[in-house]
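A.B. asks: Given chain A's structure and the hints, the job is docking chain B onto it.
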Amino acid sequence: MNTLTGDHERRLATAFVSLADTLVDDYDIIDLLDRLVGHCVALLGADAAGLLLADNRQQLRVVAASSEDAELMELLQVQAQQGPCLDCFAAGEPVSVPDLSATRARWPEFVAAVDQHTAFRSVPALPLRLRGHAIGAMNLFGHQPGPIRESDLALGQALADVATIGILQERAIRRGEVVTEQLQTALTSRVIIEQAKGVLAEHAGVSMNEAFTRLRGFARGRNLRLSEVAGQLVARQLAPEVLSSGVSDGPDTRPR
Amino acid sequence: VVGVAERGAVTRALLAIARDVVDDRQLAERICRACVRGLDVDGASISLFTEGESREILWASDPVAELLEELQFSLGEGACVQAARSGCPVLVHDLRHSVDTAGWPMFAAAVAEQTQVRAVFALPLQWGTANLGVLDLYRIRPGGLSEANQRDALDAADTAALMMLTLRTGPDIDGIGWLDPGLFSRAEVHQAVGMVLTQLGVDAPEALARMRAYAFVEQRLLIDVARDVVSRRLRFDNNGPDLTQVGRHPS
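Chains as they are written, first to last, in our numbering: chain A, 1 to 256; chain B, 257 to 507.
Hint data in this document are derived by calculation from the structure and do not stem from the laboratory. Because the structure is a prediction, the values reported are computed rather than measured. Heads up, the beta-carbon is just placed ideally off N, CA and C, and yes, glycines get one too. Check before you lean on any hint, since a few could be wrong.
[Unchecked claim] Some chain A residues close to chain B (C-beta under 8 Å, calculated; not the full set): (1) Gln184; (2) Thr185; (3) Thr188; (4) Val191; (5) Ile192; (6) Glu194; (7) Val199; (8) Ala201; (9) Glu202; (10) His203; (11) Ala204; (12) Met208; (13) Gly231; (14) Val234.
For reference, chain A alone in the conformation it holds in the complex:
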C-alpha cells in the first residue's frame, strides 16, 4: 500500500514537472494539452480524457483527446450543443456526472448520441479558467458508472489550472486579452496535426490512434515541437518513412 502511494506521488510530481517543463518560451500548446489529457488518464483512473477550448465566438472546439473515442465524445457534445463539458464551460464550475444514463432529461440528444456511438458511462467535466473566466473545459471519461474520487477531482483541477497558465502564458497575463492569439494558434495546430495523422495512417496503413502515437513519440523522443513535425509531414518536407518504424523512437516520455 505504502509503495503504491509512493509510486502515485512520484508519478504525480513527474506530471506537474512535465507540464511545467513545457512552459518554456517556445512551447507548443497542443503538446501541452496532449500531455495534460495523458496525465489525466494515467493518474486519475479515467479511461479517456478530452479537452475543448473556446474559439473567438465562444464556440467550443476539440483540441486534445487521449483517444479517438474521447475525441468523438467531445464532438458529440459540440454537435448536440449540450453535455457536461458545455455546462461546465458555461458555468466555469466542475460538473459531476457519475452515470450518464441518469441525465437523459438534462441532455437528451447528447445521451442518445453517446449510447449510439460509444461505451462511456461517467463523464465528469472540469473547467479551464482564469480569474473566474472559463477558456475551455476538460472531460474525464469512464466506461463504468460511478463517482470520481474527490481527491482525483481536485488533482484533475490542479492539472487543468497548470495547463491554463501554460495556454495563457505571460503575454495574456500581462495584457489580459491576448488569450485569443494563443487559442487561435492551438486551433490551427489541431488542423495540421489531424492532417499529419492522415499522412501517417495512409503511409503506414495504421489507425489514426497509432498514427498519433508515432507522431508524438517521434516529436518527444527528439525534443521537437509536435505541431512542427506535423507541419513538415503535411508539407512533405519530412518523409513519413522516418516515423514509420514500428519501434518507438527515442526515450518514451509518455506519462506512466
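C.D. replies: This is chain B only, laid out in the frame that chain A set:
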C-alpha cells in the same frame, strides 16, 4: 445555457457575399470594405505571402493601407510578416510601445516617420499549413479593438480564409460548399486530406480540391466523402477516385 456569441456585423456581411466573385482580388476588395465599414479601423488590406518570398497586395482600401504593406515587403518585417510566419494574429495597440514592436523595429520606425498610424491588427488567413494571405487593419488612434470588434474581426478572418480556400479548390456543392464549416472544425476532413495528399503526392489544398470535386460530382457532402477516405472505403489515385469496396456508405 451555452452562449455562443452572435456573429458580428463584418462576419455577417462576408457571409452575405454572393458567390459571383470571380477571383481573389475581387473577394479581397469585398472583405476589406466590409472590415472598414464594420470595425473601428481606418483602413484594411489583404496581401499574399507565398513560398519563395513572393508577395502581392491583393487589395488595399487606401494609400496608407497600401504604404503599410509596401513598407513591410521592402523591409521584410512587420506585423503582417510576423502574422504570416507565425500563423498567429498580431494585435498591436500602439506602435510607439516598444514591447509590442520589438520583433520589427525598422517597420515601426518607418511607420512612425511616414504615417500617422498608431494601431495595427494583422490576422492570418490560413487553413492548416496553407497560408492564404494576411488581413491587415490599421487605425490612426492608438488602442485595442473592443471585445466585440475583436471577436468579429477574428471570425471574419476565419470566414475570409474559408472563402479564399473555397474559391481556389473548385466547385461548390449547392449552398454548402461555399462555406462548409467542416473545413475548419471536423477532424475527419483534416485526416482525410492527409491521407489523400499522400495517395496523390500533392499539397493539402490540392488534396482538398480533389475531395471537393469528387463530392460535387457525386452530390455528396464533403464530410461523408472524408469518412469514406478515413475508413478506407475510398482511395484517390491519379486516374481519379476509386471505391475500393462495394459497400458505399449510405449518407
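A.B. asks: Would you pick out the hints that fail for this structure and give their numbers low to high?
C.D. replies: 11
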